[in-house]
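Asks: Generate the whole structure from the sequences, applying the supplied hints.
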Amino acid sequence: MAVLEGAVVYSNLLVLLAIGLTITYITTGVPNFAQGSMAIFGSFVSLSLWLLFNIHPYYSLPVSFILGGGLGIAIYILVLKPMIKKEAMVVTLMIATLAVDLILLGVLGAYSDTLAELTGKGTKKFIFTPLDFKLAGLDAILVVSSAVIVFILFALFLLLYKTKFGIALRASMENPALAEIMGVNVEHTRLFSWFLSGSLAAVAGSLLPFRQEIVPATGAIIIVSIFAASIVGGLGSIYGALAGGYIIGMSESLITFYLSKAVGPSVLLYSKVVSLLVLIIALIVSPKGIAGLEIWRKRTWRRSTSS
Amino acid sequence: MAQEYLLLDIILWFSIYLIVALSLNIEYGYAGIPNFGRALAVLVGAIAVGGVVNRILIVLLGIEGGGLIETSGTLKSTVNAMIAQNPLLGLGILVLCLLIAALMGAVTGALFILPSAKLRQDYLAITLLAISEVLFLVSNYNTSIIGGYYGVSIPDVLAFVPGEKRFLAFALLGVGIALLVYLFVERLLTSPYGRLLKAMRENEDVVKAFGKNILVLRIKTVALGSAIAALAGAFYSLYSVNVIASTFFRVDWTFFPFLMLLLGGMGNNRGVALGVFSFVIVKVLLIVYKFEIKSTLHLPFEATWLEYILFGVLMLLILYYKPDGLIKEKPVTMTPPIKHALKQKAKETPGR
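Same order as they appear, the protein sequences are chains A and B.
Using my numbering, the first residue of the first sequence is number 1, and each one after it goes up by one.
Using my numbering, the first residue of the second sequence is number 1001, and each one after it goes up by one.
None of these hints come from the bench; they were simulated from the model.
Not one of these hints is a red herring.
Calculated lysine-lysine pairs in the DSS-like style (CA-CA distance at most 27 Å, straight line): (1) A:K125 x B:K1290; (2) B:K1198 x B:K1220; (3) B:K1198 x A:K85; (4) B:K1220 x B:K1208; (5) B:K1343 x A:K85; (6) A:K288 x B:K1118; (7) A:K86 x B:K1330; (8) B:K1330 x B:K1347; (9) A:K121 x B:K1294; (10) B:K1212 x B:K1347; (11) B:K1198 x B:K1339; (12) A:K86 x B:K1343; (13) B:K1343 x A:K81; (14) B:K1339 x B:K1212.
Replies: Encoded structure:
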C-alpha cells in the first residue's frame, strides 16, 4: 500500500512537470531541458522558507508557484525570445535550454552552499519527509499532491474552455499563424505558457523533497522521467502529458518494486531504466505518443492536416 | 615547476577535448545529427579500459580474490611492475585499450543511433540524451561494470617512465593521438563522404534523391564519431589510472564539447581546434586558481558552481551573437544556379 501511495505521489508530480514541458513545447516548439532544474528551483524556494522563516513547505506552495512562474518568464524573455526572433534553429534553441539548465545548476549549487553557511545547517542534500504528517490516515503528501493536481487541472480546464483568453490560447496552440491573423497576440500565449510551465515545475519541486532526497543536480536525473512522460504523451497534448505522467510514474515505481521483490533490492536503483524502456517502446509503437494513436484520429485529424 | 605543470595540463586537456570535439564535429557539425548523448561514447571508452581490458588482464595473469574492484588493485601493482621492466608491454596494453575502445564505441554508436530511423530532430536529441543519461546512472550505481562510484584502478601503461616525467610523457602521448585523429578526420571530411554529410545536414531529401540511404549513412557516421570519442574516454582513463563512472557527467562530456564546437565554428576542423584551445585555457585556469578565486572574491560557495554559470552564459552569448563561431565554415564551391536551386528547395521544405 505504501508503495502504491508513493507511486501516486511521484506520478502526480511527474504530471505537473510533464504538463509544463508540453505546454511550452506546444507554444514555442522547444523541448525545455531545464525543466528538471526549474523544479529543483522550487525545492530550494521551499527549503529557504522553511529554514529561514519556519514556513511549512505546504504553505510555501503559492510562493513557489509565483517565483517559479517568474523564472519561466525570465527564461523565455531573456534567452529564447531573442533567439526565436533571429530565427534560430530548433537544435540551437535546445542547446540554449541546456545552457540555461547549466546556469540554473550553478546558481542553485552556489545558493545551496551559501544557505548552508547562513543557517549553519547542511543543505547539500535535503529531504522533507520528517516534516510530513498524517491526514485522515494517509500521508499528507498524497492528499496535498493529489489536491494540487485536481485544482490545477480544474483551473486549467476553466481557463482553456470557459474564457476568451483560453480560446485564444487554444487557437494559437493549434495554429499560431492563423490565430495571429485573427488578432490573437501569440506573444501573450507564449509568455503565459512559460509562466505556467515554470510555476508548475516549482510546485512539483516544492513537493518532491517529500519523496526523495534533493541535491542541486537532481534536476539532471529527473529530466529523463519528465521527457519520458511527455513523449509517451505525445509532446503535443496536455491530456497526453497527464496520461504519460501517470504511465511513467506508475511503471517506474511499481515495476521496479515488483522486480526488486523477485530479483533483489539492487533493482531499485534502476528505476530510470524502466522510464527509458517505456519511452523507447512508446516511440517504436507510436512515435507521436498516446495522443497520436489511431483511436483518437477522429478528434485530432484537424491538427495533423493543419500543421 | 608550477608553470610547467599548468602548460602540461593545458596540453593534456586540449588533446582529450580535441578528440571529443572532433567526433562531435563529424556528427553534428557535418552531418547535423544532434547527438546530445556524446558522454555515452566517452563512457564506453572508459568501460573498455576499466571493464574489459582489466578483466582480460586479470584472466590472463590469473589474479584471484574478490570482485573486480579488489583484483584491479592487485592487477595494477603487478602489471605496473611488469611494465617498468618491459616498456613494450605497456605500449601493447595501450594499443589494445585504444583498439577495444574504438571497437566498442563503434558498436555502441551504431546501436545508439537506431531510434533516428523513426524520430525527428528534436525527439531524437531527447532520446539520445535520455539513453546516455540512463547508462551513466547504471554504470554509476552498478559496481560490477567499472566499479561504479568506487571506481577501479588501471595499470599505468607508462610505468617505465620515471615519476617526474610521467605527466610530460602523457601530454606528448595525448597530443600524438589527437594529432592522428585530427589528420584522419580532416582527410576524411574533405573527401566526397564529408560533402555527402554536409548535403545530408542541409537537405536529406536531396541525398535520398541521389540514391543514398540516410539511415545507413547516419549509422556509419555515429559509429565513426563514437569510436573516436571512445578513444578520448580510454586515453583519459589510462592517464588518470582509474575509472570512476561519476566523472563522465553530462556537463563535461556532452555540454562542454558542444560549447567548444559552437565557440570555434562548426563544420570546419580548424575552428573546432581553436574553440577547444580557448575553452581549455579558461577551464584549466579556473581549475588551477579555484581556491584563489574563492578566497579573493570571498565566495561563500565552491568555484565549480561559478564555472557552470560562466560556461552556461558563454554558451548563450555565442548562440546569440556569434552562431557561426570564431572561424566560419567555408562554403563548398558550387556554381550559382545549383546554389540558387538548393536555396529554393530549402525554402519550400522548412526545417527538415
